[in-house]
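Chains as they are written, first to last, in my numbering: chain X, 1 to 321; chain D, 1 to 263.
Take these hints with a grain of salt, some might be off.
[To be verified] The calculated PhoX-like cross-link candidates involving lysine-lysine, where the alpha carbons are at most 25 Å apart (straight line), are:
{"hint": "1", "chain 1": "X", "residue 1": "LYS278", "chain 2": "D", "residue 2": "LYS254"}
{"hint": "2", "chain 1": "D", "residue 1": "LYS2", "chain 2": "X", "residue 2": "LYS293"}
{"hint": "3", "chain 1": "X", "residue 1": "LYS315", "chain 2": "D", "residue 2": "LYS239"}
{"hint": "4", "chain 1": "X", "residue 1": "LYS315", "chain 2": "D", "residue 2": "LYS254"}
{"hint": "5", "chain 1": "X", "residue 1": "LYS252", "chain 2": "D", "residue 2": "LYS32"}
{"hint": "6", "chain 1": "D", "residue 1": "LYS254", "chain 2": "X", "residue 2": "LYS293"}
{"hint": "7", "chain 1": "D", "residue 1": "LYS239", "chain 2": "D", "residue 2": "LYS2"}
{"hint": "8", "chain 1": "D", "residue 1": "LYS2", "chain 2": "D", "residue 2": "LYS254"}
If you are wondering where the hints come from, they were derived from the structure by calculation, not from laboratory data.
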Amino acid sequence: MSGILVVLEQQEGRVRRVSLEACATAVRLGQGAVSALAFGPGAEGLAEAVGSQGVEQLLVLSASPFDRYSSDAFAHAVVQVVRQTEPSLVLFGATAFGKDLAPRVSGLLMAGLASDVTAIEADGDDVLITRPVYAGKAFQRVRIAGTPKLVSLRPNVQPAGAGGGAPARVSVPTVDVPAPRAVVTGTERSGEQLELTEASRIVSGGRGMKAPENFRLLDELAAVLGAAVGSSRPVADEGWVPHSYHVGQTGKVVSPDLYVAVGISGAIQHVAGISNSKCIVAINNDPDAPIFKVANYGIVGDLFQVVPALTAALKAHLDAS
Amino acid sequence: MKIAVLVKQVPDTATRIQLAADGSGIETANIKWVLNPYDEFAIEEALKLRDQHTGEVVLMSFGPARVEEAIRQGLAMGADRAVWISDEGVADVDYLGRAQILVAALQQESDWDLVLVGKQAVDDDAAQTGPLVAALLDWPQAMVVLGLAVDAAGRRITATRELEGATETVELPMPAVLGAQRGLNVPRYPTLPNIMKAKRKEVRHTHAAELGLDAAELTAGRRVRVEGYQLPPPRPEPKVLTGDPAEAAATLVKLLHDEAQIL
Ligand SMILES: Cc1cc2nc3c(=O)[nH]c(=O)nc-3n(C[C@H](O)[C@H](O)[C@H](O)COP(=O)(O)OP(=O)(O)OC[C@H]3O[C@@H](n4cnc5c(N)ncnc54)[C@H](O)[C@@H]3O)c2cc1C
Ligand SMILES: Nc1ncnc2c1ncn2[C@@H]1O[C@H](COP(=O)(O)O)[C@@H](O)[C@H]1O
């Protein structure tokens with residue numbers, strides 16, 4: 001048992017960023033050769049992208065039934081590839097795909113899985129793992145006994161490599177899986193909105209926004225910043241924004257470089273979901289709002305004046321640089 | 001339709017998490033325990049399906065004696081009966097061990113059509129139990145479900161699940177494991193008469209030995225081992241700007257550029 005296997009996620013012929021982060025993490029751990037497994041049509045085309053992260057071998061399963069996702073068929077395939085290649089560690093992204101697949105693989109292999117991991121370090125042949133619990137109100141340090149060890153990595157936490165390596169060597173493993181039972185029959189994109197859990201900048205609005213149409217102010221700020229738009233829970237519950245915007249302990253837990261909280265009081269459930277952000281900016285007209293306790297920077301003022309002013313100041317800054 | 005809903009009791013989301021003095025766990029002294037919020041969506045969906053297709057809804061919970069309170073809450077929502085699997089000797093199992101225990105409890109009975117779980121428990125945030133149970137039972141699964149339709153014959157499911165910036169439709173046969181996401185439904189509140197009725201509903205107690213499991217083996221064989229806990233590092237003292245909005249905004253942009261180096 002040696003080496004690391006990364007289970008890749010591709011989207012329309014491109015490796016998702018979280019998978020590049022996983023490849024770079026695997027290489028950084030320095031525990032043997034890194035292979036990657038890719039599913040779906042065009043999977044062999046990912047050799048360059050993963051090679052640039054230091055992956056040596058790309059295993060591809062592009063033909064039917066791997067042309068569309070099925071948790072049961074994909075899990076059986078991962079299990080068979082693991083049995084053939086005997087990695088000591090298998091990395092997934094903690095995305096909808098990875099969160100669905102990794103625990104199913106864990107159950108089939110009876111191998112331990114640490115999910116949504118934010119830090120992983122080599123310790124000889126072993127790995128030391130840190131993962132948030134209670135939506136980030138605390139962190140657990142865990143070890144996994146036995147092999148292979150399974151880990152899903154939270155997106156946007158580990159750096160991806162600089163690139164430059166040679167394309168990975170492509171091979172096609174032989175797997176024999178039972179007919180898929182849970183089959184994806186359609187996918188619907190919900191607009192052009194950037195995904196919050198993967199965004200490096202987020203502008204979020206709360207009840208202080210007063211009405212759904214005022215989210216336009218945040219859209220304008222987000223456009224200048226290249227940010228995704230999020231919200232507190234009551235605002236999503238009111239239907240001002242889609243449910244997918246809701247950030248916090250019972251919504252999305254995010255870890256951007258910059259989180260701008262606008263008209264959000266900073267309730268404990270909201271703060272839990274953003275505490276991993278590198279920099280938090282709060283805009284609120286109440287100087288005693290709890291959000292200021294977790295913010296790096298704050299502006300006390302009326303958001304209907306501050307947000308347009310901030311959008312203008314950012315535009316001026318970008319134009320000047 | 002015979003539906004099991006796996007329910008977990010967790011600290012209320014308003015809880016300020018503090019560590020036990022030796023860092024081995026969290027301080028549980030003054031915690032208010034509640035039904036995991038996602039499990040309420042799972043129970044509600046099970047009740048709706050039962051009401052459409054007839055049948056029964058059985059709650060199952062693994063944990064210490066306090067979990068009976070969460071079980072009673074689910075019974076007060078309208079579930080028919082419950083199984084409580086106590087944790088003496090196996091309090092320290094990992095996710096796989098916990099799933100093995102829940103699966104053994106499910107296998108004490110037959111004829112299940114569905115097992116519903118929450119998409120994740122808001123304490124360990126593992127999001128593992130649903131797929132683990134599905135894998136151990138060799139049933140298909142759909143997790144993070146936002147919408148659900150069962151065909152008239154009660155044999156096939158069409159589920160909508162949430163992805164990043166998208167939703168997908170999954171079709172699967174029953175029996176299956178489904179994981180409930182917020183948005184699937186609006187859980188009903190227990191009414192007073194139903195709270196009274198719930199007190200008389202059956203909560204059957206079982207434990208590892210009765211399920212044919214060896215507690216010592218399950219504990220010793222755990223693969224994911226928690227070595228300790230820590231709190232997030234304290235956040236730095238905030239710089240709060242007041243006064244003219246345009247000036248404050250310009251100062252903030254400068255700070256984000258020069259000091260935070262984010263722009
Ligand atoms: C089980 C449970 C789970 C929960 N999970 C979540 C979760 O995951 N995420 C979440 O967000 N919440 C969650 N909540 C709700 C949470 O407790 C708070 O109620 C919620 O976060 C408050 O939202 P808010 O900050 O938008 O609204 P409010 O608390 O009403 O705050 C509005 C803020 O806007 C400011 N404001 C008003 N007008 C202006 C103005 N003109 N200019 C500037 N500022 C202004 C006010 O000063 C105030 O601070 C949960 C609650 C429960 C019970
Ligand atoms: N101890 C338990 N007893 C019963 N159900 C559980 C237990 N732990 C987890 N579950 C179920 O599995 C879901 C996901 O939990 P987790 O895998 O811990 O995130 C929960 O929402 C419950 O439905």
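Against the structure, the hints:
1. X:LYS278 - D:LYS254: Distance of about 17 Å is within 25 Å: holds.
2. D:LYS2 - X:LYS293: The hint is violated at about 49 Å.
3. X:LYS315 - D:LYS239: holds, 22 Å
4. X:LYS315 - D:LYS254: It holds: about 12 Å lies between the C-alpha atoms, which stays within 25 Å.
5. X:LYS252 - D:LYS32: Distance ~23 Å between X:LYS252 and D:LYS32 Cα, so the pair holds.
6. D:LYS254 - X:LYS293: holds, 21 Å
7. D:LYS239 - D:LYS2: Between D:LYS239 and D:LYS2 the Cα gap is close to 57 Å, so the pair fails against 25 Å, i.e. violated.
8. D:LYS2 - D:LYS254: violated, 62 Å
In this structure, the earlier hints numbered 2, 7, 8 are contradicted, and the remaining ones agree with it.
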